[in-house]
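Participant: Next come the chains, spelled out residue by residue.
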Amino acid sequence: MNTAPLLQVQDLRVDFTQGQGKVFQALKGVSLSIHPGETVGLVGESGSGKTTLGRVILGLTEATQGQILFDGEDITHASRARRRTLGRDIQVVFQDPYGSLNPARTVGDTLAEPLLSDKSLRTQDIAQRIAEVLQRVGMPADTAQRYPGQFSGGQRQRIAIARAVIAKPRLIVCDEPVSALDLSVQAQVLNLLKELQQSMGLAMLFISHDLTVVRHVSHRTVVLYRGDIVEQGDAAQVHEHPQHPYTRALLAAAPVPDPLIQRERRAQFDLARQALAAVT
Amino acid sequence: MSAAATQTPNASFVRRLLSRPLAVVALLWLVLLLVLSIGAPVFAPLDPLEQDLLALKQLPSAEHWLGTDALGRDVFSRMVHGVSLTIAGVIEAVVMASLLGLSLGVSAGYFGGLWDRCVQQYVSLVQSLPTMLIMLAVLAVFGQAMLPAMVTLGVMGSAGVSRVLRSVTLAVREELYIAAARISGLSDAHIILRHVLPRIAGPVIVQMSLFAAIAVIVQTGISFLGLGVAPPAPTWGSMIFEASASLNDFPWLLVPSGGVVALTVLSFGLLGDSLRDASTESWSRPAVRQSVKARQAIQPKDLPEGCLLSLRDVTIVTGTGSATRTLVQGVNLDLKQGETLGIVGESGSGKTLTSLSLMGLLPPGVHVSTGTAVINGEVIDLSNEKRLTQLRGATVGMIFQEPMAALDPCFTIGHQLAEVIRLQGLGATQVQAKVMELLEQVKIPNPQDVAKRYPHQISGGMARALASEPRILLADEPTTALDVTVQAEILALLRSLSQSRQMAVVLVTHDWGVVADICDRAMVLRHGQVLESATVVDLFHRPQHPYTQALLAANPHSAKPGDVLPTVDDKLMNITGVAT
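In order, the protein sequence lines correspond to chains Z and Y.
Numbered by our numbering, the letters in the first sequence go through residues 1 to 280 in order.
Numbered by our numbering, the letters in the second sequence go through residues 1 to 580 in order.
Take the hints with a grain of salt, since some may be wrong.
[As the list claims (entries may be wrong)] Rough simulated footprint, nothing fancy, chain Z against chain Y, three-plus residues with beta-carbon under 8 Å:
{"#": "1", "segment": "170 to 178"}
{"#": "2", "segment": "195 to 201"}
{"#": "3", "segment": "507 to 516"}
{"#": "4", "segment": "536 to 542"}
{"#": "5", "segment": "545 to 558"}
[Claimed, not checked] Pair ranges (Cβ atoms, derived):
{"#": "6", "chain 1": "Z", "residue 1": "A141", "chain 2": "Y", "residue 2": "G338", "range": "55 to 63 Å"}
{"#": "7", "chain 1": "Y", "residue 1": "P304", "chain 2": "Z", "residue 2": "E240", "range": "24 to 32 Å"}
{"#": "8", "chain 1": "Y", "residue 1": "E174", "chain 2": "Z", "residue 2": "E195", "range": "42 to 50 Å"}
{"#": "9", "chain 1": "Z", "residue 1": "T17", "chain 2": "Y", "residue 2": "R325", "range": "22 to 30 Å"}
Just so you know, the hints here were simulated from the structure itself, not pulled from any lab data.
Even for Gly, the Cβ is constructed at its ideal location relative to N, Cα and C.
Please put together the full structure from these sequences, using the hints given.
Facilitator: Have a look at this one:
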C-alpha cells in the first residue's frame with residue numbers, strides 16, 4: 001500500500017453540548033487513514049465514538065476540530081452541494097436493515113437514489129444499473145418492483161449493500177453491518193462485502209463491536225476507547241499480539257465458541273481487566 | 001418484523017379501513033351528504049326560500065319529508081341546500097389548516113434549529129389567542145362573508161396541526177433511510193417529498209378528519225349567530241336558530257337540523273378514529289389475550305432422577321382451525337439444580353417462545369397446544385397460566401434481553417426491587433436491607449446510591465430477576481445488547497450465582513461463544529424442532545446434526561481471516577465451501 005491514502009482523518013475532535021454548559025467529548029483527536037482497496041476495522045464498545053467517526057466522514061455530524069481529507073480534498077466542512085456529489089464516492093451500510101430502507105418506497109426507488117444526482121443518466125440507464133446491481137448481490141430480478149417489507153433481514157441487508165455500491169463509490173462506511181443478522185446470514189453478507197470489495201477495489205471502514213468479524217474482514221484494525229485511538233496496526237498484529245491493556249481486555253472478553261478454550265480464557269480476562277483498571 | 005406485513009401499504013390500508021363497520025357507516029354518511037349537495041335541485045325540488053303561510057310548523061308528510069318551519073318553508077329542502085354551504089366552509093378551513101400546518105410542521109421538524117424555534121413560538125402565540133373572538137373580529141371587518149371567517153379558522157387550527165406533524169416528522173427524520181438518502185445526495189425537497197410525506201400521511205389524514213369535525217361545529221355556530229351568511233339563505237346554523245326560537249311550541253324542528261349536524265360531526269370524528277387505528281394496526285399487535293382453559297396435567301412417565309425442571313412435549317401454535325401454524329414442536333428438556341442449559345437457535349427458531357411458555361407469558365394469539373412442566377416435583381400443564389403466574393418470581397425468575405425495557409422508567413431501582421421482595425411478606429426495614437444485599441450480590445458499586453436512581457441513570461438490570469431468589473432462572477439473550485467486557489462480567493456473575501444458590505439456569509441465545517462460556521449442556525433449535533441436545537464439549541467438538549456443523553463452520557472464528565465463509569444453504573441444509 002504505497003499509494004496515497006484515499007481518506008485521511010487528522011486530529012479529529014467532536015464535542016456534543018449536553019446543556020447546562022456541559023460538553024461530551026465523543027472524539028478527542030483521532031487520526032487514521034484508509035488506502036484504496038483497503039479495509040480498516042474500527043473496534044470499540046458503546047460510547048467509544050466509533051459510530052460518531054463514521055457519521056463525521058459521511059457528513060451527518062459536524063466536526064468540532066480537525067480535518068478529513070478525501071483524495072486530497074478537505075471535505076470536513078464540505079458544502080451541501082459538494083456533499084451531494086460526494087454521495088457517489090462515499091457510501092454507507094447501516095446496522096439495522098429494517099430501518100435503513102423506507103418501507104413506503106419500492107426497492108427500485110430506493111436503489112435509484114444515489115444515481116439521481118448524475119443528470120447524464122436516463123431512466124433506462126438507471127433501470128439497467130439497478131438490474132445489474134441486484135444480480136450482483138444475488139437478489140431476484142423482480143426485487144426492484146417490490147417493497148422492503150417482503151424481504152427478510154439478510155435480503156434487506158443485501159439491498160442496502162446494493163444501494164451502497166450502485167453508484168460505484170470508492171469508500172464505503174459499514175456501521176455494524178452484520179450485528180443484527182443471524183450467524184448463517186452474517187456469513188453470506190460478509191462474503192458478499194468481501195467479494196464486492198475485491199472486484200470493485202473498494203476502500204472500507206468497517207465499524208463493529210465484534211472483534212472476530214473485524215479480524216475476519218479487515219486488513220488493518222483500529223481500536224477506539226473513550227474517544228481516543230489506543231492501538232492501530234496490521235489486523236493480525238493487533239489481534240494476535242495486542243499491545244494496549246484495553247485491546248487485551250477486549251480480546252479476552254469476547255467468548256470463543258469452544259468450551260475447553262473458553263474455560264482457560266476466563267482467567268485471562270480477569271487478569272486483563274485488572275491490568276486495564278491499573279492503567280485508567 | 002414479519003415479512004410481507006407492509007406489502008403495498010396503501011392497498012392494505014384501505015382494506016383495513018373498510019373492514020371497520022363504524023368507518024364504513026361514517027364514510028357512507030359523508031358521501032350521502034356530498035351526493036345530496038351536488039344533486040340538490042333533483043333530490044329537493046322545493047324552493048328552500050319559498051314560504052307557504054298555509055302550512056306552518058307541520059310534522060313530516062309525503063309532501064314535506066321533514067315537515068315545515070315557522071315560515072312554512074320545506075325543512076328537507078333547506079337542509080339539503082345547506083349542505084353545500086357547510087361543506088364549502090369545512091373545505092376552506094381544512095385546506096387552509098392542512099397547507100399551513102403541513103408546511104410549518106414538516107419544515108420545523110425536518111430542519112430544526114432557529115426555524116423550528118420560530119415556528120414553535122408562532123404556534124404558541126396562535127394557540128393562546130381565543131379563536132372565536134378573532135373570528136368575530138374578522139367577520140366584523142369583512143361583513144357577512146363566510147370565506148374569510150373559515151380561512152381564519154384554518155389559520156388558527158393550523159397551529160395545533162403543525163405541532164403534531166412537527167413531532168411526527170422529528171421521529172421520521174431520525175430514521176436511517178433519511179440518513180442514507182442524504183448520503184446519496186438527494187436534496188431536502190426531494191427527501192421531504194419522497195421519504196417524509198408518505199410516512200406521515202396517516203397522521204395528516206387523522207388530524208384533518210378531526211379538524212373537519214371542529215370546522216362543522218364552528219361553521220354552524222357562526223351561522224347560528226346570523227353571521228357569515230345573510231339570514232334567509234338556508235344554512236344548518238340558521239335552521240338550528242329558527243328551531244330554538246320555536247322550541248316550546250314545535251320541538252320537532254330541532255330534530256332534523258340538530259341531527260344532521262350531530263351526525264356529520266360524529267362521522268368525521270369516527271372516521272378520524274378509524275383512520276388512526278387502521279394506520280397503526282399493522283405494527284401494533286392486538287392487546288386482547290385469549291384466556292385458555294387449563295387442561296388437566298398428566299404425570300410424564302420418563303422423568304430422570306433429581307431434576308428441578310422438566311418440560312415434556314411442548315408444542316406452541318398460533319392461529320386456529322386451518323390457519324394453525326406450529327411454532328415449537330415437541331420440545332423436551334431436563335434441568336438439574338445448579339446446571340445451566342443453553343437453548344441455541346437463530347431468529348424464528350422458537351427459542352424465546354419455549355422459555356416464555358414456562359412463564360405463562362406467551363404473546364397474544366400464540367398458545368401452548370400440548371406441554372407439561374414438572375417444576376420441583378409439581379406437575380403443571382403449560383395451559384395452566386394461573387398456576388404458572390403464581391410460580392413466577394419466587395420459583396421461576398426471568399431476565400430479558402433489553403435491560404432498559406425490563407425496568408419501568410417511572411420508578412427507582414430500589415422501588416422496583418422492593419416490589420418483588422414484598423411478595424415474600426417481609427417488613428419494610430427487612431425489605432430495604434434485602435434490596436441492598438441484592439445489589440451488592442450482583443456487584444453493583446454504591447448500592448445505596450443506585451437504589452435511589454432511575455433505570456435510565458444506570459446500566460444493566462439483573463438484580464430485579466434475582467430479587468425473589470428464584471430456583472429456576474430463565475435468561476433470554478441476557479447479554480446481547482451489552483458490550484463484550486460487560487457481557488463477560490455479567491456471565492461471570494451469572495455463573496457464580498448459579499453455583500452459590502444452586503440455581504438452575506435456562507439461557508436462550510444465538511451466540512455460540514456465550515454457550516461455550518457458561519452452559520453445561522445445550523440444545524439446538526431450528527424451526528421449532530430440537531435438532532440435537534448434548535453437553536457443550538460434545539456439541540462443539542462432535543456436532544452430530546449437519547445444521548449444527550454448518551452453523552459452527554459459518555462462524556468467522558473458525559475460518560482463516562479473509563477466506564470465504566462456508567454458508568448454510570437454507571433449502572437443502574447442505575454445507576457449502578467446507579474443505580472436505
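Participant: Checking against the hints above, which ones are violated?
Facilitator: Of the numbered hints given earlier, those the structure breaks are 7, 8, 9, listed in rising order.
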